[in-house]
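Q: Sequence:
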Amino acid sequence: MRNPLWRLKTLPWGILLQNALLTVLLASLLDILLLLLISGLARLGITQVLPGGIGLTLLLLIAAGGVGALAVILMERFFRQVRLDVATLWALIGCLILALILKNVLRVPTLLVGLSQLQVMGLVVGLFAQSRSYWRR
1 MRNPLWRLKT
11 LPWGILLQNA
21 LLTVLLASLL
31 DILLLLLISG
41 LARLGITQVL
51 PGGIGLTLLL
61 LIAAGGVGAL
71 AVILMERFFR
81 QVRLDVATLW
91 ALIGCLILAL
101 ILKNVLRVPT
111 LLVGLSQLQV
121 MGLVVGLFAQ
131 SRSYWRR
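Okay, so the sequence shown: first residue is 1 according to this note's numbering, each after it adds one.
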């Protein structure tokens, strides 16, 4: 009888976690820069930062999708030794959620990169949209 947990044991968890931490670090740096830019614009008297009345919900979804896509791009560029397939992509989502939990525990200031239900959905959609070519492998 085949062990169903065998695939979980063989996934490259260390590399996936490194990629997730790097992704969340880069996204958090961009988020902090955006936060500083918005506060700088507010000091100058420019209060309407979002053009065309873009809702915060849509902005959160787009940012979370960007984090998921960034994770796949970094995996393709820097961690080529890992073969991407559906199992490793789902494991990468788990590692990204773990890295976001760690970011929340460390109380890093955030505007767009966080851990809400909407952001996790955007993360999954962005990751799988970017990795469309790896689904069938």
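Because the hints were derived from the structure by calculation, they are not lab data.
There's no promise every hint is true.
Claimed, not checked - Label pairs and their calculated CB-CB ranges: (1) 83 x 36: 33 to 43 Å; (2) 35 x 2: 45 to 55 Å; (3) 85 x 35: 18 to 28 Å; (4) 107 x 87: 24 to 34 Å; (5) 107 x 6: 30 to 40 Å; (6) 5 x 43: 24 to 34 Å; (7) 85 x 105: 35 to 45 Å; (8) 3 x 37: 43 to 53 Å; (9) 43 x 135: 40 to 50 Å; (10) 36 x 98: 19 to 29 Å; (11) 43 x 9: 11 to 21 Å.
Where is the CB? At the ideal position from N, CA and C, for every residue including glycine.
Q: Please go over all the hints and tell whether each is borne out by the structure.
A: We went through each hint and held it up to the structure:
1. Under the hint 33 to 43 Å, the C-beta atoms of residue 83 and residue 36, about 39 Å apart, fit the expected range.
2. Hint check: residue 35 to residue 2, Cβ distance near 49 Å, so the stated range 45 to 55 Å holds.
3. For residue 85 and residue 35, the Cβ-Cβ distance of about 36 Å falls outside the hinted range of 18 to 28 Å, so the restraint is violated.
4. Separated by about 33 Å at the C-beta atoms, residue 107 and residue 87 satisfy the suggested range of 24 to 34 Å.
5. Between residue 107 and residue 6 the Cβ separation comes to about 38 Å, which falls inside the hinted range of 30 to 40 Å.
6. Distance hint check: the CB atoms of residue 5 and residue 43 are about 54 Å apart, inconsistent with the given range 24 to 34 Å.
7. Distance hint check: the CB atoms of residue 85 and residue 105 are about 31 Å apart, inconsistent with the given range 35 to 45 Å.
8. Between residue 3 and residue 37 the Cβ separation comes to about 51 Å, which falls inside the hinted range of 43 to 53 Å.
9. At about 46 Å, the CB distance of residue 43 to residue 135 agrees with the hint of 40 to 50 Å.
10. Residue 36 and residue 98 have their C-beta atoms about 27 Å apart, which keeps the hinted 19 to 29 Å range intact.
11. Separation of residue 43 from residue 9 is about 53 Å and departs from the stated range, judged on CB atoms against 11 to 21 Å.
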